[in-house]
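Student: Here's the letter readout for the chains.
2 protein chains.
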Amino acid sequence: MSKTITAPVSGMRDFLPIEALRRRYAVAIVEDVYQSYGFEPLETPVMERLETLLGKYGEEGDRLIFRVMKRGRKLQRTLQEAGGENDLADAGLRYDLTVPLARVAAEYHGRLPRFLKRYQIQQVYRADRPARGRFREFYQCDLDVTGSKSLLVEAEILSAAAAVLARLGFPAGDFQIRLNHRRVLSALLQSAGVAPALEETALVAIDKIDKVGRSGVGRELKERGVSERCAETLLRWMDETPEEIESVMEWLLSLFQSVPEAVSAVQDLRQIVTLCADGPVQGALKIDPYLARGLGYYTGAIFEVAFPDVPGSAGGGGRYDNLIGMFSGREVPACGFSLGLERILILLEERDLFPQNLAGRPELLVTLFDEAAMKHSLALCRTLRGEGFRVDLYPENDSYGKQFKYAEQRSIRYALLLGPEELEREVVTVKDLQTGQQLALRSGELAEELRSRLR
Amino acid sequence: MSKTITAPVSGMRDFLPIEALRRRYAVAIVEDVYQSYGFEPLETPVMERLETLLGKYGEEGDRLIFRVMKRGRKLQRTLQEAGGENDLADAGLRYDLTVPLARVAAEYHGRLPRFLKRYQIQQVYRADRPARGRFREFYQCDLDVTGSKSLLVEAEILSAAAAVLARLGFPAGDFQIRLNHRRVLSALLQSAGVAPALEETALVAIDKIDKVGRSGVGRELKERGVSERCAETLLRWMDETPEEIESVMEWLLSLFQSVPEAVSAVQDLRQIVTLCADGPVQGALKIDPYLARGLGYYTGAIFEVAFPDVPGSAGGGGRYDNLIGMFSGREVPACGFSLGLERILILLEERDLFPQNLAGRPELLVTLFDEAAMKHSLALCRTLRGEGFRVDLYPENDSYGKQFKYAEQRSIRYALLLGPEELEREVVTVKDLQTGQQLALRSGELAEELRSRLR
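Chain order of the listed sequences is A and B.
Residue numbering for the first sequence follows my numbering, starting at 173 and increasing by one per position.
Residue numbering for the second sequence follows my numbering, starting at 173 and increasing by one per position.
By construction, these hints were calculated from the structure, which means they are not laboratory data.
Careful: at least some of the hints might be erroneous.
All copies of an identical chain are treated as equivalent in the list; a pair is satisfied when it fits inside any one copy or across any two copies.
[Claimed, not checked] Each computed DSBU-like pair below joins lysine-lysine, with the alpha-carbon atoms no more than 30 Å apart:
| hint | residue 1 | residue 2 |
| --- | --- | --- |
| 1 | 246 | 577 |
| 2 | 394 | 577 |
| 3 | 246 | 228 |
| 4 | 458 | 603 |
| 5 | 574 | 394 |
| 6 | 577 | 228 |
| 7 | 246 | 603 |
| 8 | 458 | 577 |
| 9 | 458 | 574 |
| 10 | 458 | 383 |
| 11 | 380 | 574 |
| 12 | 603 | 383 |
Because the structure is a prediction, the values reported are computed rather than measured.
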């Protein structure tokens, strides 16, 4: 028997019990809140046709898709014909959850309700260079509504996002929800004199503000061909932008007086703000006219969850009314939000927001005195499991010391002893492994005592 | 915009909301029961190193592994060198959950408790020809204990398996748990005169009994080189084998008097049967000396869950004391069970065992009277979500008829109406879309009335 490499493949992770349970804890809350907003789950396969994926995520995206090889004769034929990268593969791994949603919305159109309100919590795959906090397999938690252009959709989605964070224990004020509108961004660039052809590249520069700061954005803009004057106008506006939500909307309206499309965009923002009033978003909402979120496909509202003391975002989304049409051949409006689960999990850990007693961990260890006591230990397990406890049974005839050590390895606080003395006296000894305290209890009082200690 | 192929890739499935929720319902019960037995979850990446996977599942298995292509320069180099199938790939998709467990047990040995009791519910991938009931992506629900040779492990695993089926609603008597021992199988073949070299191939023949029947097994045995006389002895024994659990053990002992290894195997079976007494397995247990379960790696007990009126198995497992050593370089005993989730889901459907009101579906639709009523509808949603209801909000200003139709598409029974009349009277109208009945309720009584109707 020789030792082989047993680490997970590069950029991917094994989740051992505690990590797996912590992820379950967070995901259960996300699911519960999403469901309370009337959303239902969707699951799609890990593989998609290569042509479904290619061309949806830009050139960089195409490079980062994990490709699954053709098999058997098909592969042999391609190899003989000395095909290229894309000829050898006929599928790729899920890269995000939006393209699968668009595919599903097109495929099952007749079977789906008029508005599809779906959430999807699955892994996505990117053949990116692994780095701290950057994985090749990671979860996305997406929430989308297709079929409606109503701004109630934006309000409900923002509200669900804020409700999830509140339920996870992040206090109000800990996070911001930044809101912008694609047409506000366009109007800003246009009003500053940036040529329409440079809009896309200028947005990429502006998107970097959190990373490179105001002067960095200025440099980037010039490098990307935006004139000195236009860049300076944009930077001056950044300085002038008020903080307060009403003031920034007033400021935008005064700037865009002569751009009717931009005025209607600000009115949309105002409507969203109004609809969010009194809900879980209130207080967290902030208008950020420079929020771009990189993705070219947004057509309306754009939003992002940010923890001011943490770089990067903890989720984001927006309205994308043209994407689903790529698959269905007809226009289907849509708006969605993706929670950054991996970052949220790090924040829960850093802020100590995971519950002490993680649901799902074993609570009790029933020890084994000797072979003859097996059936008694088994019966005790049966009773306690019937009472709803999570009970481990020590399988071997070892010293109590070894058994207690195992309980500690598994973070089980209470060991139950059932030896000849206990059997004789018709009791079970409960040992608190933290305090060392022991207590002999009759079967009638056992469950209640344990419940009061554990719950 | 042109229509592209939007069906999922061959052999894989999209799970739309109801299907996804049904799967969640079953998986939640499986998890809950497994946890009540003291097991904790493990999750591993979808990809494994190719060398981790190859050679573990036989020749056929090697062919059925989905291979993930190398990327970038590594791929280019391989293509120039005109490499073969395995040179082009550097990873494969998870083929089962046992090899990942073995890898994890080896990798994190120092961090894991003395006995690793883990369950794992994840998809596995097989590039098999898709057929009815045979998928290329499907879930496995595995339960394993590593580190102990105690038969308590077998008893606990069998008990957990039976408890899952009971909790899912399958009545006692609906399913059997068939039990055998690898050494009983060997001893049967040996005692019938089959040469040790033919043991493996003879087991494959015997394994087919459920599919091809007694005479089919006879034919298969001869085709595989087992002599006429040996085959006939085996078939005669099949006819002679008693049904009742004690009798079959007696019969085996009388057959194996002179084979000490086999006698100890029967004693192991007897011990497992004794330890299962009074637990959820009782009544379902049956000794089947011809149960082989194909896999060569079993070393002790072998078991299988069968529904007598359904072909194939709904799960199975056994003891495999040598597999984990392939990765860790030291012997680690292990025993496990894998629930056939896909088949269980079909059985739940066929036997109508899914609950009427599937958890997670929206329960209420708050309608929208007009633009002006938006904030009132939103406030009503907020209140009801706060009370724990799953509430959808209709996003558009449509006729009530359209809104009710949407509710029906989503199987929501109760629509809540909040128009000018309701606002004036300070009530909410609850409309039962099944009966057409309407009821005006004050906000103080609304939640309670809805709860009594829904729960």
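Student: Hint by hint, note whether the structure agrees.
Tutor: Outcome of the hint check:
Taking the shortest Cα distances, residue 246 and residue 577 never come within 30 Å of each other, neither inside one copy (56 Å) nor across copies (48 Å). For the homomeric pair residue 394 and residue 577, neither the shortest alpha-carbon distance inside one copy (65 Å) nor that between copies (55 Å) is at most 30 Å. When the C-alpha separation of residue 246 and residue 228 is checked against a cutoff of 30 Å, the pair qualifies both within a copy, at 26 Å, and between copies, at 25 Å. In this homomeric assembly, residue 458 and residue 603 never come within 30 Å of each other (Cα to Cα): the closest approach is 53 Å inside a single copy and 38 Å across copies.
With identical chains, the CA atoms of residue 574 and residue 394 are never at most 30 Å apart, being 69 Å at best within one copy and 53 Å at best between copies. Within a single copy, residue 577 and residue 228 get their C-alpha atoms no closer than 54 Å, and across copies no closer than 34 Å, so neither meets the 30 Å cut-off. Within a single copy, residue 246 and residue 603 get their C-alpha atoms no closer than 64 Å, and across copies no closer than 58 Å, so neither meets the 30 Å cut-off. Taking the closest pair of Cα atoms, residue 458 and residue 577 never come within 30 Å of each other, the shortest separation being 52 Å inside a single copy and 37 Å across copies.
With identical chains, the CA atoms of residue 458 and residue 574 are never at most 30 Å apart, being 57 Å at best within one copy and 35 Å at best between copies. Within a single copy, residue 458 and residue 383 get their C-alpha atoms as close as 19 Å, which meets the 30 Å cut-off; across copies the closest is 66 Å, which misses it. In this assembly of identical chains, the alpha carbons of residue 380 and residue 574 never lie at most 30 Å apart, being 56 Å within a copy and 45 Å across copies at closest. Within a single copy, residue 603 and residue 383 get their C-alpha atoms no closer than 54 Å, and across copies no closer than 53 Å, so neither meets the 30 Å cut-off.
The structure is inconsistent with the numbered hints 1, 2, 4, 5, 6, 7, 8, 9, 11 and 12, although it conforms to all the rest.
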